[in-house]
Amino acid sequence: MSVLVLNTLSEYNDEVLELQNQICAQSEGSEVVYTKKMKISHCIGCNYCWLKTPGICTMKDDYEIILKKILHHEKIVFITETKFGFVSYQTKNLLDRILPIATMYLQFVDGQMRHIPRYDIRPQMGIIYTGSAEHAYLERWMERTTLNFESTSLGVFSLEEGRGILSCI
Amino acid sequence: MHLVIINASPRVETKSNTARIIRTFVRGYEASGNTTEIWHLSDKKQWTGAKEAYEKNGNVLFAIPLYVENVPGIMLEFLETLQPKKESGTKMSFILQGGFGEASQLRCGEAYLEMLPSYFNCEYNGTLIKGDNFGFSWVPEDMAEKMAAHYEKMGRSFAEKETFYKEEVTEFAAPEYFSEKEIRRYKRIGRWIQKALFNYIAKKNGCRKPLDDKPYQVKQTDKRA
Numbered sequence: 001m002s003v004l005v006l007n008t009l010s011e012y013n014d015e016v017l018e019l020q021n022q023i024c025a026q027s028e029g030s031e032v033v034y035t036k037k038m039k040i041s042h043c044i045g046c047n048y049c050w051l052k053t054p055g056i057c058t059m060k061d062d063y064e065i066i067l068k069k070i071l072h073h074e075k076i077v078f079i080t081e082t083k084f085g086f087v088s089y090q091t092k093n094l095l096d097r098i099l100p101i102a103t104m105y106l107q108f109v110d111g112q113m114r115h116i117p118r119y120d121i122r123p124q125m126g127i128i129y130t131g132s133a134e135h136a137y138l139e140r141w142m143e144r145t146t147l148n149f150e151s152t153s154l155g156v157f158s159l160e161e162g163r164g165i166l167s168c169i
Numbered sequence: 001m002h003l004v005i006i007n008a009s010p011r012v013e014t015k016s017n018t019a020r021i022i023r024t025f026v027r028g029y030e031a032s033g034n035t036t037e038i039w040h041l042s043d044k045k046q047w048t049g050a051k052e053a054y055e056k057n058g059n060v061l062f063a064i065p066l067y068v069e070n071v072p073g074i075m076l077e078f079l080e081t082l083q084p085k086k087e088s089g090t091k092m093s094f095i096l097q098g099g100f101g102e103a104s105q106l107r108c109g110e111a112y113l114e115m116l117p118s119y120f121n122c123e124y125n126g127t128l129i130k131g132d133n134f135g136f137s138w139v140p141e142d143m144a145e146k147m148a149a150h151y152e153k154m155g156r157s158f159a160e161k162e163t164f165y166k167e168e169v170t171e172f173a174a175p176e177y178f179s180e181k182e183i184r185r186y187k188r189i190g191r192w193i194q195k196a197l198f199n200y201i202a203k204k205n206g207c208r209k210p211l212d213d214k215p216y217q218v219k220q221t222d223k224r225a
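Line by line, the protein sequences give chains Z and C. Sequence positions in the first sequence follow my numbering and run 1 to 169. Sequence positions in the second sequence follow my numbering and run 1 to 225.
Derived by calculation from the structure, the hints in this document are not laboratory data. Remember, predicted model here, so these are calculated numbers, not experimental data. It is possible that part of the hints are untrue.
Said to hold, decoys possible - Within a straight-line C-alpha distance of at most 30 Å, the following computed DSS-like cross-link-like pairs (lysine-lysine) qualify:
no., chain 1, residue 1, chain 2, residue 2
1, C, K209, C, K187
2, Z, K68, C, K219
3, Z, K36, C, K44
4, Z, K68, Z, K36
5, C, K214, C, K15
6, Z, K52, C, K45
7, C, K214, Z, K69
8, C, K214, Z, K52
9, Z, K37, Z, K83
10, Z, K36, C, K214
11, C, K51, Z, K83
Based on the sequences and whatever the hints tell you, model everything.
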């Protein structure tokens, strides 16, 4: 059960590095991707990944590397800065661009409509954040977000409590 | 009253469902003599104008398509260019729209918008939520206009009340969930019609693959331990 750590921080951080090492030591095959220097656009909402080139994003940039990696791991941990109590736009862009792992087709799950997953992966996701956040809201948001991919949240942790994630992965 | 409307959709204006909703809403809002100005974040050249409009006006409305249970990344990026208002009293209102039909799908996004204005020393002035807007871009123009027409009524209401009342919005956005009967009917018939419709749209788009194609499928042997 390997973990894909997506680090979107703008600055190098010792504490984060230590935590990442612990995550990778705990789960064989895990890897860390730093997105700071990668060229990753926001999602432009064209729907091509659902209705023209199924599963393939029309934006040709470094996100394709991440999309492919997502299929190789069972868990994703986002390490992010916070703005306005929420994750940074850099992290939100990573999640907005994940839609190609779902299809256009729909189904009802527990009384709500959902997109049918494209692949057999059901990535669990969690967040470690720096700065201050609307913590309870982030937990709710992560739970809702993972529902869309038929998976569950690994939880949301401030960097100070970041070790907490080790028992969740 | 003058209202600054910022379209937070990353999709180009001509294809933006949110832009269509704004146009319809504005017809109702301006009917009683109010004025508006509209800025589209999908066009980076409009960001400075949108920022200045936010700074100069006390009545700002963000119109937002739901992206992964919250506002799209492009809106968060734009918000980083704004400073909190020096003086309090600016009203921040929202229209939050989505593709799924149930209002419950928009509640997580709405909950964030309730908190957001405080980060800008602004006053939260309500959110108009409504789903079932996915079809706009795939139907003929006159049909899309009809599908969005109910937003005009809400524009009139906003002009009159100067806020979105939650009870009125919940009624407008109904159903909160589909009934068990509706879900059964969908499973029996609806999903096949929908699937055929999606396949038809894809074909019209020039799509040559099945919509559940797996371009990056990982072979079991490639999978890491």
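Status of each hint after checking the structure:
This hinted pair checks out: K209/C and K187/C have alpha carbons roughly 25 Å apart, not beyond 30 Å. With a C-alpha separation of about 12 Å, the suggested pairing of K68/Z with K219/C holds against the 30 Å cut-off. A distance of roughly 21 Å separates the Cα atoms of K36/Z and K44/C; the hinted pair therefore holds under the 30 Å criterion. Straight-line distance between C-alpha atoms of K68/Z and K36/Z comes to about 18 Å, which keeps the hinted pair within the 30 Å bound.
Using a Cα cut-off of 30 Å, the hinted pair K214/C and K15/C holds, with the two alpha carbons roughly 27 Å apart. The hinted pair formed by K52/Z and K45/C meets the criterion: a straight-line CA distance of about 28 Å does not exceed 30 Å. A distance of roughly 14 Å separates the Cα atoms of K214/C and K69/Z; the hinted pair therefore holds under the 30 Å criterion. For the proposed pair K214/C and K52/Z, the alpha carbon gap of about 13 Å is at most 30 Å, so the pair holds.
The hinted pair formed by K37/Z and K83/Z meets the criterion: a straight-line CA distance of about 20 Å does not exceed 30 Å. For the hint linking K36/Z to K214/C, the alpha-carbon distance of about 28 Å falls within 30 Å, and the restraint holds. About 18 Å separates the Cα atoms of K51/C and K83/Z, which keeps this hinted pair within 30 Å; it holds.
In this structure, every one of the numbered hints holds.
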